[in-house]
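Dock the two chains into a complex; use the hints.
So the sequence lines, in the order shown, correspond to chains L and S. For the record, in the first sequence the residue sitting at position 59 is 59 according to the numbering used here, with numbers rising by one throughout. Each position in the second sequence, counted from 1, maps to that position plus 128 in the numbering used here.
By construction, these hints were calculated from the structure, which means they are not laboratory data. Even for Gly, the Cβ is constructed at its ideal location relative to N, Cα and C. Careful: at least some of the hints might be erroneous.
Stated by the list, open to error - Short derived list, chain L residues pointing at chain S, Cβ under 10 Å:
| # | residue |
| --- | --- |
| 1 | F23 |
| 2 | N25 |
| 3 | R56 |
| 4 | F71 |
| 5 | A115 |
| 6 | W119 |
| 7 | I122 |
Said to hold, decoys possible - Derived coverage of chain L by chain S (criterion: at least 3 residues anywhere in the stretch with Cβ under 8 Å from a Cβ of chain S; other residues may be distant):
| # | stretch |
| --- | --- |
| 8 | 7 to 18 |
| 9 | 89 to 100 |
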Amino acid sequence: MPRPRLLIVDDEALITFSLRRYFTNQGFEVDCAEQLHDAETLVSAFRYDVVIADLRLSGIGGREGLDFVSFVREKSPAVRTILLTSYGTPEIEAEARARGADVMLLKPKPLPDLAQVVWSLIDLPTGI
Amino acid sequence: MPDSIDPRDPPDEPEQPVPTYVWRVVDGSLVLGSCDEASRRTPFGRLAEPAAGASAESLDAVVPGLSKDLARCARERLSFRRRREYTVPATGEARALELTYTFAPPDLVVMTGHDVGARQRTEALLEAELATTASRLARVIGNAPLILWTVDTEGAVTLSEGAGLAALGLRPGEAVGQRTREQYRDVEPGLVLMEKALAGEAASGRMEARGLVLDVHYFPERNAEGQVVGATGIAVDVTARSKAEQEHRRLQDQLRRSAEEWKATFDAVESPVLMVDAQGRVKRLNRAALELWGASRFPEVIGRLLWDRPGEPWTAIAHAADRAQGSLASVASSALDEEGRTWDIAASSFQFPGGERAVTLLARDISALVALQQSLRRSETMSAMGALLSGVAHEVRNPLFGISAAIDAFESEFVDRLDYREYIGLLRNEVARLNTLMRDLLEYGRPAKTELAPGRLEDVVQRAVRSCSLRARECGVEVVTQLPDDLPLVAMESGRLIQAFQNVVENAIQHAPRGSQVNVAIAAPPPGDSTLHCLVSDSGPGFRPEDRSQVFQPFFTRRRGGTGLGLSIVQKIVEEHGGTVGVANRPEGGAVVTIGLPASPVGSVTEPA
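Chain S extracted, bound-state conformation (with noise of 0.2 Å):
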């Protein structure tokens, strides 16, 4: 139908006052009294024109029936509402008209009425217009993969639309009516939402519900005053996308953990292990290596170049890595540092699968295992030197034996002859120093003996101190002990350790002055030691300072007429029964011998070794 009013343009004066005609009754019929300005903008009023004075019946030929309402409305003296159509006859169009008819005595009948046709063909277009909106809206909502309901203050729904509804199995609008508290228990937390919303808060979550994965976010809907009259719903569908989320999650934790993995293996190798660049900047580097580099963190070390670091073994090191780069073969050195320590360094070069090369490189500090090889080959010697020297000193003694019985045989022949006596007498004493030399070097090239019992180290003293006694007498020095009860025991070789306090003593007795002391003491073992230590003590000249560190070497002595092993037949002694000796200059004057040897774990006070 052809439309020569937009509904878009306002309709003519809706707001204005209604347009208004008074009719008189004349004579049994009606004539136009007045008619206001606005009744002639009206499209009736601008085909109808009418004057004052005209009938209502000329007006019928526009609006038919027009007078008849007017007459009636004038007979029977009441108020009614009418609707009158006509045509526009330039255009054909259909139109109508609201009339209302009021009787006001004695003699008016007022006329209003407004044109319909606009406002209907303007509503009429709109709902067109609605419809149409409507019908794209319900369209784009059943396309959204998405679920949107709407419930009312019971929580039943209203509204459910959307493509997401195939997800659940319902089709749009299938749950209509029904009541959520009781069918969707099973969505707990969706009806927590829904009853925040109705409470008049917007809420959101994502939960679970059968066998999807869903993010729903409800909001209240409220009236034109405030109120909340319900709540709408719209759920997206994130079952795939949580899916998806999770395996990334789960991924990424694999990822982690290996990762972590083969850190903590890095970093548990305890020897420097580092990975270089083809222009040998640091890559990666564990702890080993990290600590060797001196730093604390690796920020500082990753990316500089190996010959940044100065010193040994890195020098080294990247002397290696650089002869490594390109080479199929590995390389191997060895570098001193400035602690004395020996490092292996091997480097070998590879490649990456995109092509890239770098070179990994590991230094072993072997300096354990140098000083092992060193000590062996040292013990060896000893061994070998030990062996030698036993073997001299046996077959030295027999030679010896002969000229000290020569010289028994020969005094016994010539027992008067007084002028012999001085020859006889120092020929006996170099023999008896070379029999003492003997003896010593004997000591000192036997190797150990490990046969060890639990003994009384008070008892060792006492028997060491009484052999030394016809020393003491002659030297004029007294020997004290002091040995406390209830010592532990010591594991040890009587007969070899009473040898080394003997040496000890005897040393003191002839460093003392005479008429002066030695004194021999052990110590109990302090709380939480289980070491005795008995020391032995003079007041002679003590130790030089320059002397200190030589006293246990072997045939170092100031004393004309000793055969120098004294000391390190005792350090040797002590130390195959696990202990220690140490040599001292004491506050007040001379000299203290300590000697510190294991308590043994076994035994009890009572056993006697």
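Bound-form chain L, shown alone (with noise of 0.2 Å):
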């Protein structure tokens, strides 16, 4: 079976190494991008089960992380997109939801935490 794939963006390089280093350990096929552009190449090139995106992707103020929800949304329906960001607020939410993201969680998460979003994640049939 194929390993699942999963894309991390995060501008801050500690997070990306972690993640990384952490979802290789779980059996992903992790890839990592810190800027919208990148991830929005990845994502048309590659496709992911799950792509897990910051809010923040350029310094404060940012909100690129919901951009690229859309964008995914609207290039690869079937990819399965989590919002991580310690910005969560409900208006955020909201806007994510809208977007289309499958859910957002708050900054810190401990990660044995985020990968079980990932797995029922992945576990849902495709398509709904």
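If you want it as structure tokens, here you go:
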């Protein structure tokens, strides 16, 4: 069985590093992008099962994560999206859902918990 | 006519026995038998000097007709009276004799008489005097600006005099004969006085009569036996005076009312206001100033020097008054008094129209304003600080997540390396502490939200207790709740209120000894009160007395590993709900934290939050 593919989008190097190592250990094929532009290129080139994206990719006030969610929804509707951010206000959550994100999670989150969410999304039949 | 007799002299022997002559009939003519001494003292006696034995005819020379009277009396033997006139030769004065002849059988005629000349003269003079006096009296009364009248027992006017009559449209004497009881019915009070006088009692009164205002005095008129035979009335026209008195009273009332209004206005001003003279003595002050001085009655302060009153703000007021004297500009200053109130003082000098100078002073208590400014500055600082705290906390979260993610990744990669486990555990703990601190800082710095909805406090408490259940188990502490039924609803933001209670319960759990209980009880508001009280008590060491006042300060903690923000966050949340929080030690040992929240005015018991 092919390994599930995971894309991590976050501008913090330590986070992408840790998440990559962790999820690789969990049996995922992991790609990382630190900028929106790179993330879009990757999503267009490869088929991912789940994408985890941070809200901010360019510093204070950025909301590129939301734009990315819209992009993914449009380009590859089958891809599951998780918005992982430390700025999870109800307003952001509503916006994320409106754009088609599957889940919004708050930082900090223990990685095992994050993994559980990822696995549950993969187990979902596509098309729902 | 020459008057040789002064009528003021008593007439000759008027009270003495009448002079008597006794005549005897002798041979058909009358001869003087005797005459008494009094006879000799009369003018006639002195003139005639009749001696005994003188014939009646001889006296005819003095009093013509005398012998005829005597003869008649002897002949007809009857008594009669006759006036005979004679002349005093020396002066030519005409006099008269009033003679009485009486026949005394068998042959005597007694003649008595008196000289009426003197009496007539006296009478005439008296009459003349009376006439003069009467006319003078009439003149006096006629000129006096009053009305003088008399009435008889029937109330009919018998006399009506006085210049005052003109005002009534009457001439003197015109009203005589008028029946007052009928014609003066319109002057009812006057009739009342008259009846009193006629009943024997003097009476007075002021009344309005026919357009005039009169002061009427009535006196009973009594005869020699003391019986009331009429009444005398005197009326003084006081119309003009009465009008003047009325006007005077009206003006006085106006003045008094005006003064009262000014005084009321002056006293209504809540700030102390004073006026001092050029020497700095208090001329006038309002009630607020009196209270500030600390006196209870105005006379205690009026006339005192401002400098006499020790303490602030009076010293500052005295300074300001001095500076203002003679200055065109007004003076402003401020002072802090012994009770910590801040006063703003304004003084300005002015001049009365008469040239007298004075200074007015106004003191305003601006403590509240100052406090508000300070509070505003504080809350602006707080807001700025809060914004800063939030920013910091958010920013710190990312690297924190990086660290915790790295630890998770590290652990999963080296899961079988037992020697790394301890390091990983320690690192995780520190990261957890930092996460908690960030969470608390964010909560503390968060601006207050005001969207409160009615909810059940019992539910809040239960959820808070439930979320602490793991901690309670770990510490070996049992959390017991006492939640009565039918509690009123509380306006709340339930998420935050749950967090506040969570903090308090957790705090209690952490201080409670292993095996003991933490009690969470809600008390329903007593009648007349609308506050619900929730008490969280433990049997731990309690609060140290020196800590009691600082317990709510941010970062105050005696517990190693705590953030020190727990209770400050509780206070913040509770105060945002309009409630209060307090700490105390229980008499039986341990601490109790009391949270009071106001019951929501709207909402029914069945509405959940």
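Now for the hints, and whether the structure bears them out:
no.	hint	result
1	F23	holds, 9 Å
2	N25	holds, 5 Å
3	R56	holds, 9 Å
4	F71	violated, 23 Å
5	A115	holds, 9 Å
6	W119	violated, 14 Å
7	I122	violated, 18 Å
8	7 to 18	holds (count 5)
9	89 to 100	violated (count 0)
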